[in-house]
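With the sequences and hints as input, model every part of the structure.
Chains as they are written, first to last, in my numbering: chain A, 1 to 424; chain B, 1 to 150.
Some hints could be false.
According to the in silico footprint, chain A covers these stretches of chain B (three or more CB under 8 Å from chain A) [to be verified]:
id: 1; segment: 6 to 15
id: 2; segment: 19 to 31
id: 3; segment: 104 to 110
Label pairs and their in silico Cβ distance ranges [as the list claims (entries may be wrong)]:
id: 4; chain 1: B; residue 1: V49; chain 2: A; residue 2: G174; range: 27 to 35 Å
id: 5; chain 1: B; residue 1: A122; chain 2: A; residue 2: T72; range: 45 to 53 Å
id: 6; chain 1: B; residue 1: E39; chain 2: A; residue 2: L48; range: 24 to 32 Å
id: 7; chain 1: A; residue 1: G54; chain 2: B; residue 2: D33; range: 16 to 24 Å
id: 8; chain 1: B; residue 1: R42; chain 2: A; residue 2: G51; range: 25 to 33 Å
id: 9; chain 1: A; residue 1: E183; chain 2: B; residue 2: S143; range: 54 to 62 Å
id: 10; chain 1: B; residue 1: A15; chain 2: A; residue 2: R336; range: 22 to 30 Å
Going by beta-carbon spacing under 7 Å, a handful of chain B positions derived as facing chain A [unchecked claim]:
id: 11; residue: W43
id: 12; residue: V44
id: 13; residue: A92
id: 14; residue: G100
id: 15; residue: W125
Bear in mind the hints are in silico, worked out from the structure with no lab data behind them. Think of the CB as a built atom: it goes at the ideal place given N, C-alpha and C, for glycine as much as any other residue.
Chain by chain, the residues run as shown.
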Amino acid sequence: VSTATGPAPTSPIAFPSRLHDERTAASLGVALGVGFAVCFATGVLSHLIQGPPGWFSWPPRPAGLYRITQGTHVVTGFALIPVTLAKLWVTYPRLLQWPPVRGAAHALERLALVPLVGGALFLLVSGTLNVARWYPWSFFFPRTHYWAAWVTAGALAVHVGVTWAVVRRTLARGAEPPALLVEPPAHRAEPEAGADASSAGPVSAGPVSVGAAPAGAAPARPAAARAGERRAFLGAVAATAGLVALGAAGGTVAWTSPLSAFAQRRPGQGPQGLPVNKSAVAAGVVDAARDLGWRLVVEGDVERTLHLSLAELRAFDQHEATLPIACVEGWSQSARWQGVRLRDLLARAGARPGADVAVESLQEGGLYRASTVDAAQAGDPDTLIALRLDGEELGLDHGYPARLIGPNRPGVQQTKWVGRLVVS
Amino acid sequence: VSVRPERWGPVVGAAIGVPVMAFGAWGLVADGDRTHPAEAARWVVGAAVVHDALWLPALLVVGGLLSRAVPSPARGPVMAALGASAVVVAVAWPFAARYGADPTNPSLLVRDAAAGAAAYVAAVWVVALAVVARRLWRSSAYSRGRGSRR
Numbered sequence: 001v002s003t004a005t006g007p008a009p010t011s012p013i014a015f016p017s018r019l020h021d022e023r024t025a026a027s028l029g030v031a032l033g034v035g036f037a038v039c040f041a042t043g044v045l046s047h048l049i050q051g052p053p054g055w056f057s058w059p060p061r062p063a064g065l066y067r068i069t070q071g072t073h074v075v076t077g078f079a080l081i082p083v084t085l086a087k088l089w090v091t092y093p094r095l096l097q098w099p100p101v102r103g104a105a106h107a108l109e110r111l112a113l114v115p116l117v118g119g120a121l122f123l124l125v126s127g128t129l130n131v132a133r134w135y136p137w138s139f140f141f142p143r144t145h146y147w148a149a150w151v152t153a154g155a156l157a158v159h160v161g162v163t164w165a166v167v168r169r170t171l172a173r174g175a176e177p178p179a180l181l182v183e184p185p186a187h188r189a190e191p192e193a194g195a196d197a198s199s200a201g202p203v204s205a206g207p208v209s210v211g212a213a214p215a216g217a218a219p220a221r222p223a224a225a226r227a228g229e230r231r232a233f234l235g236a237v238a239a240t241a242g243l244v245a246l247g248a249a250g251g252t253v254a255w256t257s258p259l260s261a262f263a264q265r266r267p268g269q270g271p272q273g274l275p276v277n278k279s280a281v282a283a284g285v286v287d288a289a290r291d292l293g294w295r296l297v298v299e300g301d302v303e304r305t306l307h308l309s310l311a312e313l314r315a316f317d318q319h320e321a322t323l324p325i326a327c328v329e330g331w332s333q334s335a336r337w338q339g340v341r342l343r344d345l346l347a348r349a350g351a352r353p354g355a356d357v358a359v360e361s362l363q364e365g366g367l368y369r370a371s372t373v374d375a376a377q378a379g380d381p382d383t384l385i386a387l388r389l390d391g392e393e394l395g396l397d398h399g400y401p402a403r404l405i406g407p408n409r410p411g412v413q414q415t416k417w418v419g420r421l422v423v424s
Numbered sequence: 001v002s003v004r005p006e007r008w009g010p011v012v013g014a015a016i017g018v019p020v021m022a023f024g025a026w027g028l029v030a031d032g033d034r035t036h037p038a039e040a041a042r043w044v045v046g047a048a049v050v051h052d053a054l055w056l057p058a059l060l061v062v063g064g065l066l067s068r069a070v071p072s073p074a075r076g077p078v079m080a081a082l083g084a085s086a087v088v089v090a091v092a093w094p095f096a097a098r099y100g101a102d103p104t105n106p107s108l109l110v111r112d113a114a115a116g117a118a119a120y121v122a123a124v125w126v127v128a129l130a131v132v133a134r135r136l137w138r139s140s141a142y143s144r145g146r147g148s149r150r
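Right, here's the structure in full:
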């Protein structure tokens with residue numbers, strides 16, 4: 001029996017299931033590698049969009065791209081939970097291997113599993129709790145999740161390198177029956193075939209065991225029986241992954257909503273039929289937003305500073321756009337917005353073409369009280385200072401008297417209760 | 001099978017992975033005002049410890065006891081259903097507990113996650129029992145076939 005690290009170690013405890021083998025681990029590992037790569041790519045993308053460095057710019061089109069990338073991030077993350085737990089169950093005997101360490105290289109290899117396993121579990125737990133809006137910690141979730149993802153991705157690259165040869169060998173067409181990840185203790189060794197047929201009943205038809213107990217193997221074809229067990233186990237893991245993903249998908253994929261057990265939102269449910277991320281009361285803007293003296297101020301690098309009342313804004317050409325609110329927490333919903341094109345306001349103020357705009361809320365604090373609209377987004381005909389939602393006056397929780405709505409922007413950048421546009 | 005991947009795999013993996021890990025660790029520390037690195041590290045290590053020392057041993061004990069009570073054709077599906085149920089309950093828990101609810105925002109956490117999770121668990125066991133029934137039916141059909149040849 002050979003692995004990347006030499007002969008399979010032994011375990012002091014009996015793990016009777018023969019699913020603790022290289023091929024089961026490799027199959028789940030490939031799925032996890034793909035899934036975590038998808039989450040990492042979409043997560044880094046979301047991070048770049050929310051705090052773009054100089055070299056990065058996020059285009060306004062296609063308008064619904066962010067709801068897809070971020071919906072994919074969250075739903076894939078949920079699907080990874082059962083796959084990760086299944087993989088850790090399959091490889092658990094290795095954790096208890098005896099002797100625990102065989103030399104310095106082996107010690108390093110095992111130590112590298114702490115950021116891999118702990119990091120992966122942390123990403124899944126913290127992401128889930130963020131969607132549940134529960135923060136039993138003092139750190140700021142997005143940043144910590146983001147940096148921990150880099151640590152985990154690095155540990156995953158190390159792990160892929162270490163296991164690459166085994167994965168290739170064990171998943172190759174016509175490969176030998178896979179080795180167990182640990183040899184059972186000598187006195188508990190399970191025979192490969194035949195001798196445990198008494199526990200199998202009269203006949204064993206098809207895949208028999210996906211649990212912790214030994215299966216009754218079909219006496220003549222142990223390899224086929226093991227392959228059948230493995231297929232059944234992987235099928236059960238895939239089905240569970242699909243179920244958990246379905247549980248989370250209903251906030252963004254509307255047709256799954258009736259079947260969704262724990263999605264944070266339900267499409268259509270909220271003020272004016274649209275969910276709200278932060279209420280006006282929670283943001284502390286009720287009085288400022290209702291103030292009859294409210295004016296939208298357009299200032300900064302402009303020829304003339306504007307102070308526009310709601311009536312004056314309504315006198316501009318009104319434009320309608322159907323655009324989604326796409327939250328970083330994975331829910332999204334489209335709505336019809338009516339209001340003034342941002343570029344018309346900039347033209348009225350005499351801003352130079354190609355200017356960036358900081359959109360500031362009436363909120364006095366908070367990390368999301370302002371957002372930046374770059375030149376490409378500001379020039380888009382669908383980027384609006386919206387005054388109406390689905391034909392009604394904008395509700396207080398949706399940003400009355402005026403909010404920003406633009407194509408392909410994360411929800412936290414669709415600034416509500418806008419008070420000031422600062423051109424630069 | 002060539003042995004070369006066994007040699008270059010770890011080298012390539014470490015060449016890519018170690019700098020990436022170092023970048024992440026640097027970021028956690030450099031952004032420490034917001035990431036609180038010591039607490040973040042406790043969560044990372046704690047997640048592994050809770051899984052390895054509590055979650056999985058508990059499941060193994062329950063699974064081991066259950067597997068003794070369940071005859072062979074049903075054992076696999078029952079074990080799978082047990083694992084799937086545990087995962088569904090664990091994922092649903094923070095939603096069902098509604099720790100994150102905001103009284104000013106009724107559009108948040110709008111689902112009855114406990115009822116939803118119960119329905120999922122019920123569906124899991126219905127599927128598991130259907131698989132068991134199919135196996136029993138197949139094996140009894142096989143026995144009858146074999147008996148008639150005697």
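Unmet hints by their number, sorted upward, for this structure: Per hint list: 4, 5, 9, 10, 15 violated.
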